[in-house]
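Enquirer: For reference, the chains in residue letters:
There are 2 protein chains.
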Amino acid sequence: MQDTTAIPTDWLDEIKWDNQGLVPAIAQDAASGDILMMAWMNREALELTAAENRAIYWSRSRGKLWRKGESSGHVQQVSEIRLDCDADVIVLKIEQLGGIACHTGRRSCFYRRLEDGQWVSVEPVLKDPDAIYGHKGDPSA
Amino acid sequence: MQDTTAIPTDWLDEIKWDNQGLVPAIAQDAASGDILMMAWMNREALELTAAENRAIYWSRSRGKLWRKGESSGHVQQVSEIRLDCDADVIVLKIEQLGGIACHTGRRSCFYRRLEDGQWVSVEPVLKDPDAIYGHKGDPSA
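Top line first, the protein sequences correspond to chains A and B. FYI, the numbering for the first sequence is 0 to 140, going by numbering that gives the first Met the number 0. FYI, the numbering for the second sequence is 0 to 140, going by numbering that gives the first Met the number 0.
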């Protein structure tokens, strides 16, 4: 029996990918509105993100899909996907499992604030990165 | 008499500009937490933004500094500048004068939401773009 419920992908064609096939994706805490991080997505990453309701980025440094939380357990559950007027930036409204988005162990990657010509860290480390990434089998990581 | 109050710019050296000398800058409404837009900054744009407490971007399409609001009057007053862990993305906490960040006349550029495989506009046009950009001498624009 044929699958007659083809999933439409026209919405992916509307995205204006950059010359590397990527767009920036901003992860925003759906409840608090806090901006937690920005990463990059290619077409496959965005399609999988929408299909799984889980943030999947493209790691430019590793050159492969990055299922956020795959090492840390800090999965981002996606409740909403937004596109901007130029169709070249994505916003994900998410719930951040574990409450930590940043690899430094902080809630948000934007933990430095400009104060009198200096970047000052203004958010605490909630968990030692060694504890986050050192025990990959630990479901609490 | 010499100026002895040199403004430090070391903080600009800490930014990891991309190969075009740019970083993404996310403008977030300081009061509501809503993400209003994302644009790009070069070193001069970020330095001026910090000096004037007003969002100044680099227009990639026009190849010049873009003093947000210069045509529309929709200036963004900056209350806080944040930097992420990788030092390659900026968040500006702003007050959006006129309540409209988007050139389409909407509050936010992220007015399209993915619903069942389609981008659906979910935010109203608050002001006709012709009215915003058609009367450059009009202080209400």
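Derived from the structure by calculation, the hints contain no laboratory data. Since we're looking at a predicted model, the values are computed, not measured. Be aware that a few hints might be false.
It does not matter which identical chain is used: a pair holds within one copy or between any two.
[To be verified] Below, simulated DSBU-like cross-link-like pairs (lysine-lysine); rule was C-alpha separation at most 30 Å, straight line: (1) K63 with K15; (2) K126 with K15; (3) K63 with K126.
Enquirer: Compare the structure with each hint and give your call.
Expert: Cross-check of the supplied hints:
1. K63 with K15: both (20 Å within a copy, 22 Å between copies)
2. K126 with K15: Between. Shortest inter-copy distance 26 Å satisfies the 30 Å Cα cut-off; intra-copy 37 Å does not.
3. K63 with K126: Answer is within; shortest intra-copy Cα gap is 26 Å, inter-copy 42 Å.
Consistency note: the structure conflicts with none of the earlier hints.
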